[in-house]
Amino acid sequence: MEAPAKKTKLDTENVPNATASQSVSSSYHGMFYHLRLGMVILLHSYNLHRKGTLPHLSITMEDCEAGKFDDIVIRYASSTTPKGTIYIQAKHKLSSENTKPLTEGDFFTKKASSTPFSIPMYFRSYLDHYRPVSSGSHAYLLCTNATIDDKMMQYFTQRHYDVSDILSFCDLINATCYSFKREGKFAALFKDLRRVSLEKLGKLLATHAKTGEEINSNDTLIRFYHNLIAMSVERVTSSVFTFKREFWTAHDATPMGRLRIIVEREYGKLPQNKPKEEAIQLTISNAFIDIPNTATNTGSVDQFCFEQIDRIIHQFCDEFLLVCGSKSESNLLSDAHELIPSWVRDRKGTFENLQTLLLEALRGEGSSTITLKQLKEKYIEVNANESFNMLRVLTQEHFQSVRNEYPFIELQEDCLKDSSLYRFICNSSSLDVHCFFSKNNVNVSSIIIAQASALRQYDCLFVNASSSQVKGNIREIVRDVMEFLFDVDLTSRYIFVIYGQPALEDIRAVQRHSSKYKIKSILVQQLTEDNLNADRFFVRDLTEEANERLLKLHKHFTIFGTTITFNRAVRDDDTLSFLCGVLERCSETDEQKNEYCNNKSFENISKWYISRSIAYYGERSSIPVLQEERIELEYPSDLQVIPFDRFSLESSTGLTHLNSAITLPSDAHLCPEELKPNNEAKVHIILDDAGYGKSTFFIALASHLSNDKPSPFVIRMIALSYSADFARLKTAADPSRMDDTAIVRILYRLIHLTLCVSNVNAQSVRDTDSIRERADEAARLFTISEGKVVLDKDQISSSKLAVEELLELRLFAEKFNEKQLLLLLDGFDEIAPHYKQLAIKFLSRLAGVDGIGKLYLSSRPYDFKAEMEQAFPSCKIHQLEPFAMRDELRFVHNYLTSELEAYKRCEERDRITVVAILYDRLMESISELKSIPLFLHMGARMLLPVVRQHVNFEQRTISHAIFNPTNNDQLRMITEFVDRKMQILQIGKTGLTDTVTYNAAQIIKNEEARQQLKRRHLLLALVVMFDKDDRATLLSNKEQLEVARCLQKLAESNEKTGIVLGVRDDVPQFSHRIFAEYFAACWLHEHKHRAECVSFRQSESYRKRELSRVREFFDRMIQIG
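Residue numbers are given in the UniProt record's numbering: position 966 of the sequence shown equals residue 966, and the series is strictly consecutive.
These are calculated hints, taken from the structure and not from any lab test.
Keep in mind that the hints are not guaranteed to be accurate.
Stated by the list, open to error - 27 Å max Cα-Cα, derived DSSO-like pairs, lysine-lysine:
{"#": "1", "residue 1": "348", "residue 2": "91"}
{"#": "2", "residue 1": "378", "residue 2": "83"}
{"#": "3", "residue 1": "68", "residue 2": "51"}
{"#": "4", "residue 1": "203", "residue 2": "191"}
{"#": "5", "residue 1": "1038", "residue 2": "1049"}
{"#": "6", "residue 1": "181", "residue 2": "91"}
{"#": "7", "residue 1": "83", "residue 2": "373"}
{"#": "8", "residue 1": "244", "residue 2": "200"}
{"#": "9", "residue 1": "91", "residue 2": "244"}
{"#": "10", "residue 1": "378", "residue 2": "51"}
{"#": "11", "residue 1": "709", "residue 2": "600"}
{"#": "12", "residue 1": "682", "residue 2": "600"}
{"#": "13", "residue 1": "68", "residue 2": "185"}
{"#": "14", "residue 1": "327", "residue 2": "151"}
{"#": "15", "residue 1": "1049", "residue 2": "1028"}
{"#": "16", "residue 1": "348", "residue 2": "378"}
{"#": "17", "residue 1": "244", "residue 2": "100"}
{"#": "18", "residue 1": "607", "residue 2": "904"}
{"#": "19", "residue 1": "1104", "residue 2": "1014"}
{"#": "20", "residue 1": "210", "residue 2": "244"}
{"#": "21", "residue 1": "788", "residue 2": "800"}
Claimed, not checked - Ranges between beta-carbon positions, derived for each pair:
{"#": "22", "residue 1": "646", "residue 2": "1036", "range": "41 to 49 Å"}
{"#": "23", "residue 1": "904", "residue 2": "1091", "range": "28 to 36 Å"}
{"#": "24", "residue 1": "505", "residue 2": "371", "range": "38 to 46 Å"}
{"#": "25", "residue 1": "79", "residue 2": "132", "range": "23 to 31 Å"}
{"#": "26", "residue 1": "302", "residue 2": "137", "range": "26 to 34 Å"}
{"#": "27", "residue 1": "677", "residue 2": "420", "range": "36 to 44 Å"}
{"#": "28", "residue 1": "1121", "residue 2": "666", "range": "26 to 34 Å"}
{"#": "29", "residue 1": "952", "residue 2": "677", "range": "28 to 36 Å"}
The beta-carbon is built from N, C-alpha and C at its ideal position, and this holds for glycine as well.
Construct the complete structure from the given sequences, taking the supplied hints into account.
Here it is as structure tokens:
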């Protein structure tokens, strides 16, 4: 049966609470003293190691082989002690107990009792664990915070140790170290320890006699008393002995007599009655017992019997040290903190981690021994050096970013080994700073350095001298980290890489620290001109595997929503930095790219977008509203909460539309056949009114065209963004007289603006002129010859084009020459009338260039049809088909899917119910306007909060309140639409950003302009809604003159809100009658107290049927207040 494991203090002690006993508290404070003394010793010893005086060290907590000196066991090697062991017993006294010094009675007792400071007790433990074969230096320490009485100096003498000695920790804890004197009372101590050992022997023999257990040489105490045992026994059989008669009759003062007294006493304490003397027998190993011939002994009997044990007593006294008067456990804590190396910033956190290491050893969790290697690993594991941790994180972030940009950069080993960089890394004696000169950017240089370092199993620490984390502190950070690496044996693993233009003094500091701490450093120097000392690398230097992977994965790559073949963009003699610029494009995900992309623009609307059909302009299919069968809902009107299952749909046509709208796959990806690139017409024009979805359609069209094969280069441009460019055409030559090269160079500028600036009008012309200049510089590198773009290779090689600019130029040339350049110009009407003629001439001239695959234009009609047909003789002019009932239902379904997560989880039948109800509410709120996409979207957005409030998807119920007429506020929807259109005119279409709306002066200016614009619309609406006699009644003469001026201004120019399309036969043409009705109601409401208005509202004219909606709007305005 195995002996039970030794329990540590922590196995039997718990943290005391408010009601814990004083004994538990005392034990707990002792544990802290033990733990914190261990921390001081551990940290002090490590500091000696850092100074080179202690090459080897291990510390064991609660060493089961050390007896009473088990609290802390230190095994070490130093310059003066090849092998040493220190055993420590830690005894702490509370301040309430520590008022009197320790006296002779505390240390020396008549018996080897278990009092805390009993020297006999510690000697007995020494005997228990004595190992005669152990070599090296040994010291046994009894360490306490208690002091000793002056009289104790009869026994002890003070010891002093050099600061480089491991025992110098005694000075750190303010303790005094004592060893035994060989004079004074030493003889009495010696005699007492002899007595203790003899008592221990007697008890041991009595136990063996009682149990019959064989005595052999495994017990060191029996070996020490071999002579005395041999004198006291006689053989009965080969292995059985009994005590001699001389043993039983020996005088009490003789060694044999003293042993007999002890054996008799101890034997009697054991179970069973004391037997006769003859019955006491011992089983002794034949190999061990050797009956001595006492006649040959020339010394005294005492000398003969105690010779071996006396030697051990002297050895114990030489090795025993009393360390007393140390600081208390609470003060040791601050001492331990001070011993932590200076490169530790979080001293408290690191201390707690190291203390946990000791605590786990103390508890016996895992290994109870802590080595230097473990300590260094712990410093590394807990990120003790914040600067090192920061550099590792920054390095990881930097290199991860680099690898994300350039995952396929892998250079041939021979190319790397032929570099001066590699020669520096290989030279073990070179601990200076190596300057790595390169024209590559820092990221490419980082990859090259890392690959060269890896060939020699080095890791790199990248230090950006210009980063916010390092700038201004680089000297301290580098010294801090290098010292740490030196102290934890990592200098042969890391190379410092400094970049970011450090100052000269910083470079010199790096040189000093590299030499002191024996670590390599590399300084990255980016060049703008060639340098003879620079290591140069090209595309041809890539490994064969890297080239294969590169060409396999990047035969084509996507840029600006189109693709280009890799070998058309990159050549073998291109620099590595240019390749990396191209690879950067390859490695970016769509989310990471912040560039022009038609598909990304379409993704923003795809969730709710409905594919559109087109018709030739003027031939739009027209289905009267009455022919569209309305969905009739039936439900129990007496219920306040109606289950989904209680709704029924009565229209078979409506059900068919509902089912197809919800169940059929999305058709958002469909494109009208007439507009596909294979159509013979080169120019397509979309003319339609405001709100019919031209811009949204162009977003979808650009995306659809971009996905065609082979991949075209599709550019969707907003006409208003190029007002400044069209203005400058006025001072240039007539576009119709320009040659192809001049026209295409202007186009290149417009395309470059589109690709590089997300919103041209959000910046000043001065800000964007620098972009125009770069575009013009690139455009001067090509000419048009025989309908193809021809690049001037010599000029390109000497130009200073950035990687992206050269890539863009090569892409443009590739797509132009393959006739894969498709242009979409949205909102042509926005630049009319000021630049209309110039723009038409330019676009007409551009359409005649061979390299343009297709040209698509969109505009409000404004009577442009004839001009367009003249400018583009073979063009096709289209208009968008209005939404049919199935389109409207599908839009409602798509909108709910994108906005309501609960709706997405519904079963199909429940979705049909919810869509039918929302569609019914839309019919009530916007009626015939629902076929206009903009109104349908606004109506759905207006009703979404009503759906959230009244539809419970979990319980599958709908509140009857959803049918409340107040939820179908048509007035609110029209008001929001008008406000939105006016805001677009004031912000979006003037080139301003929304930030100006917070400017106080701009707020006043915008409000004045909005009021003036609104007033014009009010007066124009009166012309539509009221006849001449009614207007004469309602308006003053001044107001009637103002109406005439508004009509004249409208006829001379184009109103930009899209609400009024023009004037015909002196009658304003509103895009929809409901706007005229709304503005007429607004005018009546603003003048409701005017006598003429009051009188008019009471007249029969006001009661006409055609004014019913005017009356509804007016009454609602009165109700709202």
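*When you check the alpha-carbon spacing of residue 1038 and residue 1049, does it fall within 27 Å?*
holds, 17 Å
_So if I understand the rule, the pair passes when the alpha-carbon distance is 27 Å or less; does residue 244 with residue 200 pass?_
Holds: residue 244 and residue 200 sit about 21 Å apart, inside 27 Å.
*Distance restraint between residue 378 and residue 83, which requires alpha-carbon spacing of 27 Å or less*: Given that 27 Å is the threshold and the Cα spacing comes to 25 Å, the pair holds.
_Given a hint of 36 to 44 Å, does the C-beta separation of residue 677 and residue 420 actually sit inside it?_
violated, 54 Å
*Straight-line Cα separation of residue 68 and residue 51 no greater than 27 Å?*
Since the Cα atoms of residue 68 and residue 51 sit roughly 32 Å apart, the hinted pair is violated (cutoff 27 Å).
_Can you confirm whether the C-alpha distance between residue 378 and residue 51 stays at or below 27 Å?_
Holds, at about 19 Å.
*Has the given pair, residue 1049 with residue 1028, been kept, meaning a C-alpha gap of at most 27 Å?*
Between residue 1049 and residue 1028 the Cα gap is close to 20 Å, so the pair holds against 27 Å.
*With a cut-off of 27 Å on the C-alpha distance, tell me whether residue 348 and residue 378 pass.*
It holds: about 15 Å lies between the C-alpha atoms, which stays within 27 Å.
*Within 27 Å, alpha carbon to alpha carbon, are residue 709 and residue 600?*
Given that 27 Å is the threshold and the Cα spacing comes to 18 Å, the pair holds.
*Starting from residue 244, check that the Cα of residue 100 is at most 27 Å away, please.*
violated, 51 Å
*With respect to the beta-carbon atoms only, verify the hint that residue 79 and residue 132 lie 23 to 31 Å apart.*
holds, 28 Å
_Restraint check for residue 682 with residue 600, where alpha carbons must lie at most 27 Å apart_ = Holds. Residue 682 to residue 600 sits at ~26 Å (cutoff 27 Å).
Violation of the numbered hints given earlier is confined to hints 3, 9, 17, 22, 23, 27, 28 and 29; the remaining hints are satisfied by the structure.
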